[in-house]
Amino acid sequence: MTLLYTEVEEELRAAVRALLADKCSPSALLDRASRTTESDTPYDAELWKALARDIGVAGLLIPEELGGTASREGGASAREAAVVLEELGRAVAPVPYLSSAVLATQALLTAAGQNARGDVAVELLGRLAAGEATAALAVSFAASPYAPPAPWHRDGAVLGGDGTVTGTVTGVIGAEAADVLLVPVRLAQSEKQGTGLCAVEASPAAGEAVRVTPVTSLDLTRPVATVSFDSAAARVVATTDGMEAPWVGEALARGAGLLASEQLGVAEWCLTTTVAYVKERRQFARPVGSFQAVKHRLADLWLEVVGARAAARNAAARLAEAPAAGPLGDDAAVAVAVAQAHCGAVAVHAAEECVQLHGGIGMTWEHPAHLYLKRAKADQIALGTPGDHREALAGPADLPAPA
Amino acid sequence: MLVTWDEASVAERARAFLAEHDPAAMDRLEFLRARFDAGLAWVHFPEGLGGLGAPRGLQAVADRELKGTPDNQPGRIGIGLGMAAPTILAFGTEEQKKRFLRPLWTGEEVWCQLFSEPGAGSDLATLATRAVREGDEWVVDGQKVWTSSAHTARWAILVARTDPDVPKHRGLTYFVCDMHAPGVEVRPLRQITGEAEFNEVFLTGVRLPDPLRLGEVGDGWRVAQTTLMNERVAIGGTPSRRTMMGVVAETWRSRPELRTHDLHQRLLKLWVDSEVMRLTAVRLREQLAAGHPGPEGSGMKLAFARLHQELSGLEVELLREDGLAYDDWTFRRPDTVDFIGREAGYRYLRAKGNSIEGGTSEILRNIIAERVLGLPAEPRADKDVAWKDLPR
Chain A
9 MTLLYTEVEE
19 ELRAAVRALL
29 ADKCSPSALL
39 DRASRTTESD
49 TPYDAELWKA
59 LARDIGVAGL
69 LIPEELGGTA
79 SREGGASARE
89 AAVVLEELGR
99 AVAPVPYLSS
109 AVLATQALLT
119 AAGQNARGDV
129 AVELLGRLAA
139 GEATAALAVS
149 FAASPYAPPA
159 PWHRDGAVLG
169 GDGTVTGTVT
179 GVIGAEAADV
189 LLVPVRLAQS
199 EKQGTGLCAV
209 EASPAAGEAV
219 RVTPVTSLDL
229 TRPVATVSFD
239 SAAARVVATT
249 DGMEAPWVGE
259 ALARGAGLLA
269 SEQLGVAEWC
279 LTTTVAYVKE
289 RRQFARPVGS
299 FQAVKHRLAD
309 LWLEVVGARA
319 AARNAAARLA
329 EAPAAGPLGD
339 DAAVAVAVAQ
349 AHCGAVAVHA
359 AEECVQLHGG
369 IGMTWEHPAH
379 LYLKRAKADQ
389 IALGTPGDHR
399 EALAGPADLP
409 APA
Chain B
8 MLVTWDEASV
18 AERARAFLAE
28 HDPAAMDRLE
38 FLRARFDAGL
48 AWVHFPEGLG
58 GLGAPRGLQA
68 VADRELKGTP
78 DNQPGRIGIG
88 LGMAAPTILA
98 FGTEEQKKRF
108 LRPLWTGEEV
118 WCQLFSEPGA
128 GSDLATLATR
138 AVREGDEWVV
148 DGQKVWTSSA
158 HTARWAILVA
168 RTDPDVPKHR
178 GLTYFVCDMH
188 APGVEVRPLR
198 QITGEAEFNE
208 VFLTGVRLPD
218 PLRLGEVGDG
228 WRVAQTTLMN
238 ERVAIGGTPS
248 RRTMMGVVAE
258 TWRSRPELRT
268 HDLHQRLLKL
278 WVDSEVMRLT
288 AVRLREQLAA
298 GHPGPEGSGM
308 KLAFARLHQE
318 LSGLEVELLR
328 EDGLAYDDWT
338 FRRPDTVDFI
348 GREAGYRYLR
358 AKGNSIEGGT
368 SEILRNIIAE
378 RVLGLPAEPR
388 ADKDVAWKDL
398 PR
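Residue numbers (my numbering), protein chains in the order written: chain A, 9 to 411; chain B, 8 to 399.
The hints are simulated quantities; they were obtained by calculation from the structure and are not laboratory data.
Treat the hints with care, since some could be wrong.
As the list claims (entries may be wrong) - With a cut-off of at most 25 Å between alpha-carbon atoms, the simulated SDA-like pairs for lysine to any residue come out as follows:
| # | chain 1 | residue 1 | chain 2 | residue 2 |
| --- | --- | --- | --- | --- |
| 1 | B | K276 | A | G395 |
| 2 | B | K390 | A | H304 |
| 3 | B | K276 | A | A402 |
| 4 | B | K390 | A | R290 |
| 5 | B | K390 | A | E288 |
| 6 | A | K287 | B | R387 |
| 7 | B | K359 | A | D308 |
| 8 | B | K276 | A | E399 |
| 9 | B | K359 | A | H304 |
| 10 | B | K390 | A | Q291 |
| 11 | A | K385 | B | K276 |
| 12 | B | K359 | A | Q300 |
| 13 | B | K74 | B | D345 |
| 14 | B | K105 | B | L219 |
| 15 | B | K276 | A | L407 |
| 16 | B | K105 | B | F24 |
| 17 | A | K287 | B | K390 |
| 18 | A | K287 | B | R378 |
| 19 | A | K287 | B | A388 |
| 20 | A | K31 | A | D62 |
| 21 | A | K287 | B | N373 |
| 22 | B | K276 | A | T393 |
| 23 | A | K57 | A | D30 |
| 24 | B | K105 | B | D185 |
| 25 | B | K276 | A | H304 |
| 26 | A | K287 | B | G301 |
| 27 | A | K287 | B | V379 |
| 28 | A | K57 | A | G83 |
| 29 | B | K276 | A | A150 |
| 30 | B | K276 | A | A151 |
| 31 | B | K276 | A | G337 |
| 32 | B | K276 | A | L401 |
| 33 | B | K390 | A | R294 |
| 34 | B | K276 | A | D338 |
| 35 | A | K382 | A | T234 |
| 36 | B | K276 | A | D339 |
| 37 | A | K382 | A | D308 |
| 38 | B | K104 | B | D44 |
| 39 | A | K287 | B | D389 |
| 40 | B | K276 | A | A155 |
As the structure is a computational prediction, the values presented were derived from the model and not from experiment.
My request is simple: use the sequences and hints to build the entire structure.
Listed below in structure tokens is the structure:
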């Protein structure tokens with residue numbers, strides 16, 4: 009296991025970065041954020057197509073035998089997905105990578121490994137890997153992997169006896185860009201308290217049965233939506249007799265580990281951009297970056313980012329070593345929690361320093377700093393707060409809470 | 008003959024040495040001298056000077072093979088090993104290397120460092136200790152401070168001002184100072200922990216023969232940089248099995264009645280910080296091993312100081328009434344220092360030095376900002392002014 013980047017990872021990074029430099033400039037992002045209305049998707053479909061199909065990032069977590077590029081022998085893994093997320097974070101790219109290629113993909117991988125009805129999961133994974141379809145996991149982005157939303161909650165979605173899904177889920181990312189919505193459900197027909205995962209096609213033909221209502225969101229480049237199902241036609245991906253919904257918990261846990269790399273990318277852009285700015289910006293007849301008050305803040309931030317890189321790489325490497333599905337072992341679970349506890353806060357701190365050290369221009373709509381602040385703050389809440397992840401470490405660290 | 012050393016050949020040489028030198032049948036010092044002469048002291052040093060001209064990483068192989076044999080008590084001679092030796096190797100004459108390195112390594116001669124002064128801490132280059140040439144000798148007058156091991160040292164590395172008429176960095180010269188020479192007076196410097204790890208050294212008319220000069224006259228700043236770089240490696244880079252986090256965690260586990268929710272949250276945050284620092288160090292070592300040393304090293308001492316201070320402060324608070332007690336204020340002179348030894352109160356007070364010694368955290372932040380991030384230096388009033396004309 010290494011915490012460094014391999015040559016293959018650096019090549020993938022270069023390809024993604026070149027595409028984003030071309031198609032996802034800060035000014036293009038600002039244009040998109042300024043004109044987005046309810047009828048206009050905030051996600052960049054063209055950019056996503058180029059990433060998913062041309063570079064092939066959608067299948068990095070999907071095993072080769074299911075149509076992706078992941079394999080134990082020299083193929084892709086969570087390490088490569090993490091590098092993609094670093095670059096997407098650095099560009100705050102409005103693409104449904106995390107929602108489709110990480111969260112929805114992991115839910116399907118878990119379902120495929122879990123269940124005899126794996127054929128639906130396998131078919132969907134093939135379409136996702138090829139970039140032919142985009143999916144979203146209908147779970148709140150604010151859900152914590154340590155307390156995943158219970159599908160048997162009375163407000164949750166239900167799979168009825170007629171095979172349709174009814175219910176409402178809030179706080180969902182990537183739903184506007186999804187062709188397929190993966191909905192954790194409780195089973196109305198079950199004698200016991202069974203739960204399941206259903207696939208609902210979100211085509212215009214679904215009409216009123218599936219409604220995706222964008223929420224005016226803090227994060228302009230990855231807004232959330234409310235997703236409602238009203239007797240929507242559904243295919244069952246997996247079911248379980250128990251109360252557990254492993255496809256949700258595993259997707260949230262692994263997604264949290266990889267989100268750390270996106271946060272690293274956000275923090276890096278903020279640090280690099282701020283350092284460049286304070287070298288140029290002059291007040292009192294000297295660059296503001298020559299004042300110790302400014303230099304020391306940036307030196308501290310640099311140190312935080314150095315730590316974030318080590319923690320995010322460690323999480324990616326541990327996830328890469330874990331089987332494609334199943335509960336994480338202790339080492340991987342600790343690596344994920346440490347990475348989230350640290351990187352979530354570092355990204356926010358970096359974005360806040362970016363705004364502050366840019367002074368007035370950092371407070372304007374025309375400068376992209378706010379896009380990073382909004383992403384960083386939303387990411388801090390996403391998939392467990394830093395506090396949730398710290399509390400989860402009390403057990404593994406053997407630091408028990410007060411009685 | 009050019010030999011390319013590898014793990015097998017170094018191990019072979021160490022075993023051959025042991026076959027001829029039975030430590031049980033030899034005087035301790037004789038054994039250490041023989042080990043030095045066999046090139047197994049520091050294998051990356053040149054042949055004839057205690058080494059084999061081998062890669063530094065192979066020292067671990069020699070140490071492993073010679074495990075259990077008498078060692079040179081590195082804790083007692085850290086200044087010599089970590090700072091004086093690399094500087095003598097880089098700038099010493101052949102005679103100086105031959106004279107000093109062997110007894111330095113065996114521990115027969117302890118070294119100390121005469122750098123800091125009451126008026127020259129972070130701004131070391133402004134130091135005022137004067138060395139005036141008289142024939143073949145230099146006459147040294149001044150006061151040095153924060154000198155560990157001065158009371159046991161045979162020799163010191165010394166930076167003194169030889170030309171006050173040029174800007175401060177250019178008028179310095181580097182010497183080896185004879186700590187037994189007349190005019191050298193060592194007084195213990197009691198610190199906030201109660202004990203005296205360090206000394207003040209008063210130099211009054213101390214006469215040093217010119218062959219004790221290290222490097223050219225006026226080149227002392229450049230020579231000192233070599234020493235200081237090695238100092239930060241020594242302070243920030245030593246991995247130890249016992250950590251401050253481990254010590255505080257033991258207290259937490261053994262005293263459940265002291266736990267509060269507030270402390271629990273803060274402790275978990277520091278546990279994460281410790282883990283992130285550990286991972287950063289792991290990544291740094293990987294970069295070094297791959298031949299790409301990263302700038303991350305400059306941040307390690309900064310992170311280490313902050314973590315030690317926060318953890319040790321939390322532990323005293325956690326202890327409540329026990330935190331009101333202190334183990335021992337006796338004015339002692341310890342031979343070695345253990346940041347995480349003794350009781351919580353000592354650890355808290357000693358950790359305060361971690362952000363001051365070996366480059367303050369403020370200076371380290373400047374170094375990161377200027378050398379890693381490329382931010383401009385502050386305008387300076389002292390660059391092109393003769394040292395004697397600087398405002399005081």
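Checking one constraint from the list: CA of K287(A) to CA of D389(B), max 25 Å. Satisfied? Cα-Cα ~23 Å, so holds.
Is K390(B) close enough to Q291(A), meaning Cα to Cα at most 25 Å? OK: K390(B) and Q291(A) at ~23 Å, within 25 Å.
Within 25 Å, alpha carbon to alpha carbon, are K382(A) and D308(A)? 22 Å, holds
Is the Cα-Cα distance between K359(B) and Q300(A) 25 Å or less? 22 Å, holds
Would you mind confirming whether the straight-line C-alpha gap from K287(A) to A388(B) stays at or under 25 Å? Within the cut-off at roughly 21 Å; holds.
Holds or violated: are the alpha carbons of K359(B) and D308(A) at most 25 Å from each other? 19 Å, holds
Does A150(A) lie within 25 Å of K276(B) when you go C-alpha to C-alpha? Measuring from Cα to Cα gives roughly 21 Å; hence the hint holds.
Keeping to a limit of 25 Å between CA atoms, is the pair of K382(A) and T234(A) held or broken? Distance ~19 Å between K382(A) and T234(A) Cα, so the pair holds.
K104(B) and D44(B): Cα distance at most 25 Å? 13 Å, holds
Given hint E288(A) paired with K390(B) - CA-CA distance at most 25 Å: 24 Å, holds
Going straight from one Cα to the other, do K287(A) and N373(B) come out at no more than 25 Å? 15 Å, holds
What's the verdict on K276(B) and G395(A), does the C-alpha distance respect the 25 Å limit or exceed it? 9 Å, holds
Violated hints: none; the structure is consistent with every hint.
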